[in-house]
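K.L.:
So the chains spell out like this:
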Amino acid sequence: MTDSFATVIYEKQGGVAHLSLNRPAQLNAYSVAMRDDFAEMLDAVADDSEVRSALITGQGRAFCAGADLTEFGTAPSQAIARSVRWQRDVWGQLIGLDKPIVAAVHGYCIGSGVEIALLADVRIAAADTVFAMPELQLGMIPAAGGSQTLPANAGPSVALDLLLTGRRFDADHALRCGLISRVVAPDELFQAGWDIAHRLAALPPAVAAATRRALREGPELPTADALRLEQRLAATLMDYVHAPETG
Amino acid sequence: MRYRKISCTLTEYSAAIRLPEPSNGCSIDEDTAAELRDCCRELQLRDELRVVTVAGSGNVFAVGRLRAPAEVASAPMPERLRWQVEMAVAGALAALPMPTVAVLNGDAIAHGLELALAADLRVASDTAHLGVGNMAECGFPYDGATQRLLRLVGTGLARDMLFTGRTLTAQEALNAGLVSRIAPAAQLDDVAAGLTAEIAAAAPIAGRYVKEAVVNSMDLTLSQGLRLEADLSVILQSTEDRAEGLRSFEEKRAPRFGGR
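Protein sequence lines correspond, in order, to chains H and E.
Here our numbering is used: the first residue of the first sequence is 38, the next is one more, and so on.
Here our numbering is used: the first residue of the second sequence is 1482, the next is one more, and so on.
Bound-form chain H, shown alone:
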């Protein structure tokens, strides 16, 4: 099944929902239309019981070259901009999804592109990917969670180096910083992304959801409470351990 929205392509294959950013002429610059399509599709991913994992990629030469700056400054007021941020909370949808997410990035992965990837569980990059967080050079700061997710993955010191200088960095540096966990040859990227997504789709959904929950909520709890959360999740999943083919 394939549904074509204007700015994001949606297809379903064997339990994997593939969401591919589709503004190749603009290097997949993240626009308002893309946000709306993305939000709608993430609702579908959450609601569709056939979907067990999501794969996010980009069409054309880039994963995502950042936010579409041509649309900036068009909000009628800061008060409206602030309320719209929470009306269409795509980042909250990604965080709250109970299905695992793979991001396979290539070409340019800039600004919001990095932030989208940081909200995925497994992040892989083509060896020739160029990364950067250029917001401060434009008088702004990241607004898709980057100021929180980047230090959580790379540590505050490395995160501030990348944010304050806006410098470009390559896939190997991204790997060392913990932004991604694997670097693959450019012509093998999408296959590698699909392989991982299919593998995650094969997990019992309840196990995948519990893992997402443990990783999302655990770090915010005192250690003793986090360990109790893990115990409770394990107790609810005993069936799957004894009969992994069910689910």
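Hints in this document: simulated from the structure, not taken from any laboratory.
Be aware that one or more of the hints could be misleading.
Selected chain H positions facing chain E (in silico; Cβ < 7 Å) [to be verified]:
| id | residue |
| --- | --- |
| 1 | G176 |
| 2 | A196 |
| 3 | V220 |
To spell it out: a stretch of chain E is covered by chain H in this simulated footprint if at least three of its residues, at any positions, have a beta carbon under 8 Å from a beta carbon of chain H; those stretches are [claimed, not checked]:
| id | segment |
| --- | --- |
| 4 | 1607-1616 |
| 5 | 1670-1681 |
Over 12 Å on every C-beta distance to chain H, these chain E residues come out as not near it, computed from the model [what the hints assert, rightly or not]:
| id | residue |
| --- | --- |
| 6 | D1510 |
| 7 | S1555 |
| 8 | P1559 |
| 9 | E1567 |
| 10 | A1573 |
| 11 | G1620 |
| 12 | G1658 |
| 13 | T1702 |
| 14 | E1731 |
In this text the structure is predicted, and so the values were computed from the model without any measurement.
All residues carry an ideal CB built from backbone N, CA and C; glycine is no exception.
Here the structure of chain H is known, so what remains is to put chain E in place on it, guided by the hints.
P.N.:
For chain E alone, kept in the frame of chain H given last:
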């Protein structure tokens, strides 16, 4: 700005603090600590500052950890605590609202590392060593090592360093994310100057806000952190610098930020 032990040089957008050379194996005594706190308090109020650096003199960043004098060590708790407060400097550096860089021109050991841990970024000479100090020699850490170190490098390496007094080479510190750049000693000043120039070239209010968001990310839940980020981001929409940033991008030229 005039001080006896430390020096602080102001240029248009930056301040450079220089620590004294160690005497009797210790860089930070009571007077130096008091001057560092005063200096940070002054810098805090300077809205024009976009970046503050801290470096050592000669080939040492800062080493040693002053032990309490015998009369303090045998005094009742209130007096002992007062002395601890007089020796604290890391909190004053950490409280600065603009990005800060510790330039480790040489070893950062014991109290010296504790000060460096309070900066936002650390760059190091490839000959520098970093350690919390051997507890038998240097005493129990008192300026943040047991808390800031593990937040930066994780609990595994932090425990190793705290319990064994192990020092890291600059390369090991780079691998652990404790420093973000290293350079040969002869080139360190250039690397640090390049870094501070890059930071000073970015939008200054955005620089302060991204520091606020990143530093607070350690203590907030993700949803609280995202609220903070979104609010700071919306406030920035009212700045002249953001308009200038977008204009310069459109016109394909370097932006000129005024910090407004």
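K.L.:
Hints numbered earlier in the text: which of these fail when held up against the supplied structure?
P.N.:
The structure breaks hints 3, 4, 12, 13, 14; every other hint is satisfied.
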